[in-house]
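Peer 1: Sequence:
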Amino acid sequence: ASTASPSTSLARWRGFKRPADARHLANEVDGESVDAMAEAVAAAYPRLSHRYYALKAKVLGKPKLDQWDRNAPIETGRPRRFDWLEGRELVLSSFGDLGGEFADRAGRFFDQPWIDGQARPGKQSGAYCHPVTANRHPYVFLNYMGERRDVLTLAHELGHAVHNTLAADQGTLLADTPLTLAETASIFAEGLTFDRLLLAAPKKERLGLLAGRIEDGLNTVVRQIAFHRFETRFHDERITGEVSAERIGQIWLEEMGASLGPAVELNAGYEHWWSYVSHFVHSPFYVYAYAFGDLLVAALMEARRADPEGFTPLYRELLAGGGTRTYVEALKPFGLNPRDPAFWRAGCGRLERLIDEFEAAVAS
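With my numbering applied, the sequence shown closes on residue 377, and no number is skipped along the way.
In short, the hints are calculated from the structure, not lab data. Mixed in with the good hints there might be a few duds.
Across the chosen pairs, the derived CB separations fall in these ranges [what the hints assert, rightly or not]:
1) Gly159 x Leu186: 38 to 44 Å
2) His285 x Gly113: 52 to 58 Å
3) Leu212 x Asp117: 52 to 58 Å
4) Val290 x Gln131: 32 to 38 Å
5) Ala271 x Pro191: 29 to 35 Å
Derived EDC-like pairs (lysine to aspartate or glutamate); straight-line CA-CA distance at most 16 Å [to be verified]:
6) Lys216 x Glu88
7) Lys75 x Glu278
8) Lys217 x Glu330
9) Lys30 x Asp249
10) Lys345 x Glu330
11) Lys217 x Glu372
12) Lys71 x Glu372
13) Lys30 x Glu250
14) Lys77 x Glu278
15) Lys30 x Asp43
16) Lys345 x Glu370
17) Lys71 x Glu88
18) Lys216 x Glu370
19) Lys71 x Glu278
20) Lys30 x Asp48
21) Lys216 x Asp48
22) Lys71 x Asp82
23) Lys30 x Glu52
24) Lys217 x Glu370
The model shown is predicted, which means the values in this text are computed figures rather than measured ones. Note that beta-carbon positions come from the ideal geometry of N, C-alpha and C, so glycine has one too.
Let the hints inform the model, and build the full structure from the sequences given.
Peer 2: So this is what it looks like as structure tokens:
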């Protein structure tokens, strides 16, 4: 428990009200927005994770899921593969759903030698978009093998690339976005591409496709917020004195049990699993950033769903702003307020609809 003392001591020495405030400052986010997000996600646990894991247990023919089965793959057919040209067409069509300019900007990366997508012996693993300076284009790196996830990765990294080109007019010093908006274009592009994948998927592939997407969402949103709530409780107790290993395990089980729900069995020894999350020690209070970015984009996608034509110019303006505005200022033109739990509930609503579709697919 002594590993937590630097965070609590530094917060006290620097006059922060809460241990997490130093991280909020570094992330350029206010605690009110983070609290609103955590509140909204925790309230949605029954509609999201509890419901999905109960459905998954039913699909797997088990009364309850062991915690290690949360992400067990569900495939009822052989997933389609996409060659490079098919992946390119699907991704560019998805960008085109936002408007011709988005597809044109993404298309330039295929027309020019700006994407290293071929998998080959000795090549580094992973994927990223590497910016240079504002007066130069970025480069995209990935290992494209033709799987559905590779198509989504291509869309994700090209989302970053398009964001970079749109923000370039701000100049090198202001084009870079704060952490709160850094994943906006990438996750949005990935979401548009997934929607097209799902629309075109044959019935036998829908269950596995939906399951993979839902589980990605639960791991990014529900699980990270559960981590954040555990971490917050731990540091709050550490302020008043030592926290025993047994007490840490108890807090962990309470928060993870609340997030996973009654359909997941927390097996013997799970009380120690908090120790495998290195962020708790090396990057205190970082984990909420994953949920923040994912839900912010989901709320934007809900805004587009409500008004597709009015959305695109506002979205372009948001991306082109680079780092000139805070996330609160950037979201105002959409009528969105991240300090209001309703904003985060809207983001949860997109994941909830995917679970609705999964439930319908299970029933059929």
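Peer 1: Which of the listed hints are not met by the structure?
Peer 2: Going through the list in order, the structure violates hints 3, 8, 16, 21 and 23 and respects the others.
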